[in-house]
Amino acid sequence: MSPILVAGPSKPVVVAKRRSRSGYLLLFPGMTWLAIFFAIPFVTLFMTSLQEPVPGKMGKYQAGFQLGNYTNAMAEYWPQFLRSFIYAGIATLLALVIAYPLAYFIAMKGGKWRPLLLVLVIAPSFASFLLRTYAWRTILADEGPITSFFNALHLLPDDRILNTGIAVVAGLTYNFLPFMILPLYAALEKIDPRLIEASSDLYSSGVATFRKITWPLSLPGVVAGTLLTFIPAAGDYINAELLGSTKDRMIGNVIQTNFIEFRDYPTASALSFVLMAAILVMVFTYIRRAGTEDLL
Amino acid sequence: MRWLRRNLLGIVAILVLIYLFIPIAVVAILSFNKPSGKFNISWTQFSTDAWTNLCGVPGVCSSFATSIQIGIISTVVATALGTMIAFALVRYRFRGRSTTNLLIFLPMATPEVVMGSSLLALFLNLRFPLGQWTVIIAHIMFIISFVVVTVKARLQGLDPRLEEAARDLYADPKSTFRYVTLPLVAPGIAGAALLGFSLSFDDFIISYFNAGTLVTFPIFIWGAAQRGIPVQVNALATLVFVIALLVVLSSQLVSYRRRKKLMST
Numbered sequence: 001m002s003p004i005l006v007a008g009p010s011k012p013v014v015v016a017k018r019r020s021r022s023g024y025l026l027l028f029p030g031m032t033w034l035a036i037f038f039a040i041p042f043v044t045l046f047m048t049s050l051q052e053p054v055p056g057k058m059g060k061y062q063a064g065f066q067l068g069n070y071t072n073a074m075a076e077y078w079p080q081f082l083r084s085f086i087y088a089g090i091a092t093l094l095a096l097v098i099a100y101p102l103a104y105f106i107a108m109k110g111g112k113w114r115p116l117l118l119v120l121v122i123a124p125s126f127a128s129f130l131l132r133t134y135a136w137r138t139i140l141a142d143e144g145p146i147t148s149f150f151n152a153l154h155l156l157p158d159d160r161i162l163n164t165g166i167a168v169v170a171g172l173t174y175n176f177l178p179f180m181i182l183p184l185y186a187a188l189e190k191i192d193p194r195l196i197e198a199s200s201d202l203y204s205s206g207v208a209t210f211r212k213i214t215w216p217l218s219l220p221g222v223v224a225g226t227l228l229t230f231i232p233a234a235g236d237y238i239n240a241e242l243l244g245s246t247k248d249r250m251i252g253n254v255i256q257t258n259f260i261e262f263r264d265y266p267t268a269s270a271l272s273f274v275l276m277a278a279i280l281v282m283v284f285t286y287i288r289r290a291g292t293e294d295l296l
Numbered sequence: 001m002r003w004l005r006r007n008l009l010g011i012v013a014i015l016v017l018i019y020l021f022i023p024i025a026v027v028a029i030l031s032f033n034k035p036s037g038k039f040n041i042s043w044t045q046f047s048t049d050a051w052t053n054l055c056g057v058p059g060v061c062s063s064f065a066t067s068i069q070i071g072i073i074s075t076v077v078a079t080a081l082g083t084m085i086a087f088a089l090v091r092y093r094f095r096g097r098s099t100t101n102l103l104i105f106l107p108m109a110t111p112e113v114v115m116g117s118s119l120l121a122l123f124l125n126l127r128f129p130l131g132q133w134t135v136i137i138a139h140i141m142f143i144i145s146f147v148v149v150t151v152k153a154r155l156q157g158l159d160p161r162l163e164e165a166a167r168d169l170y171a172d173p174k175s176t177f178r179y180v181t182l183p184l185v186a187p188g189i190a191g192a193a194l195l196g197f198s199l200s201f202d203d204f205i206i207s208y209f210n211a212g213t214l215v216t217f218p219i220f221i222w223g224a225a226q227r228g229i230p231v232q233v234n235a236l237a238t239l240v241f242v243i244a245l246l247v248v249l250s251s252q253l254v255s256y257r258r259r260k261k262l263m264s265t
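Protein chains in written order, with the UniProt record's numbering: chain A, 1 to 296; chain B, 1 to 265.
I should point out that these hints are in silico values taken from the structure, not numbers from a laboratory.
Per label pair, the in silico range of CB-to-CB distance:
id, chain 1, residue 1, chain 2, residue 2, range
1, A, M74, B, K260, 54 to 64 angstroms
2, A, M74, B, Y19, 30 to 40 angstroms
3, A, E76, B, P58, 34 to 44 angstroms
4, B, A25, A, S205, 35 to 45 angstroms
5, B, R227, A, M74, 30 to 40 angstroms
6, B, P58, A, L67, 45 to 55 angstroms
7, A, G144, B, F177, 50 to 60 angstroms
We treat Cβ as the ideally placed atom computed from N, Cα and C, and that holds for glycine.
Excised from the complex, chain A in its bound form:
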């Protein structure tokens, strides 16, 4: 959750920057922490992913160069990989559709209520993530109003929502919605309202104004929001575990069980490494294609 995005890049302040030892001293402790506990672990993760079993000792591994760990892991778990990206993709699109009107409303019509409305957007994160997810078991229960409604319309392939992929996607959409709203708001808030006025003065319809003015100007927010929603959603396994069945497992579930329960460290590390690589590749191609490289 990042209210930071609300603050956004402020106007550049021209301060004569000093070059002195103090700058490095201020950076040193925090950056060392990030280097040791964020950057170096990727190296150990990669080394662990290449380890081989110690002959004759179950569950013990030694340094090796088993590239086969990757091919084996992918051959076995590619469906969960694919499912993670599909579920996260659908959830991201749904979140965009749900978040846009609210972000637009706060930015354009919020007026003096803006700070309060933004607090309301982040407030749900103050309640436990796990419990909020678990609450969807009550909301989507088999005999509940929502399931009955969709069943009356014969829209559900399994006659239920709970313990299906639909529930998992619904949970993902809900949980990461604030990550979509805040960057969208930050982008929409920067749009000069006179541009929209000018467009309607020139007899443009509401739809055309949105398509030609508002939407293109909000693109940086759309890119940031979709990334901030997609990335955590693709790696999430809480929604799949609490709301889905064993048929709806995502790659996060596989990494977690292999690491913590089966203690198959090489396989779990290989999957984790591939997930990170896949996400980085997607992020950079997406940013390049959307033409918002200044985002980084």
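Starting from the known structure of chain A, fit chain B onto it as the hints suggest.
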């Protein structure tokens, strides 16, 4: 009909806000429930048992206290380290700025499962015993970036003329910092600390990977989900939600009043 068309956007916005709060309402309502079976999922009967006996189920309050303790330690350290980085980024020139920025941005763009598992790989290879300290190390790591971004935004928004004025009035660098810069940045630092604490307190995935046998509040809930979450958990989560909301709303009110006062003078 015309009214509906004119207010459509507002109506949709309010519906989305309500949607955001539905699960929280469910959590709060079920904290007054007396479930018939193990699972507190559907409404059975009104009861205040959980609220009058918050620690009635073993493990609930101890895990809650563990999470508070971890949250405080991680927040204090991460806020100090992150604030220092933010000052360096805004006020100093140094070599390797782009690498520094990347190292701060990446933790916010990495899925938790990847961060949790890679850190666990490090601890396993070092044979470092898992427990409270490994969880604290992990939390500090992922909170730092959020602190840097929050404090940096505040620092960049400062009017440089305020500090110039202090210097013109012969304040030495130390007192300029103590009496001008720090009070102006303090709300940003406080906000970063609040954000950091809430991230730490609610974190499940990274903690679960690095906790060993330690049980934090989210880890307790995760374990309980299989055999039924005690009603007390709902009560405590509701309590946390209300307190956090009150803290944030009152701080908003204070800054609103202050702004109003400044404008009227």
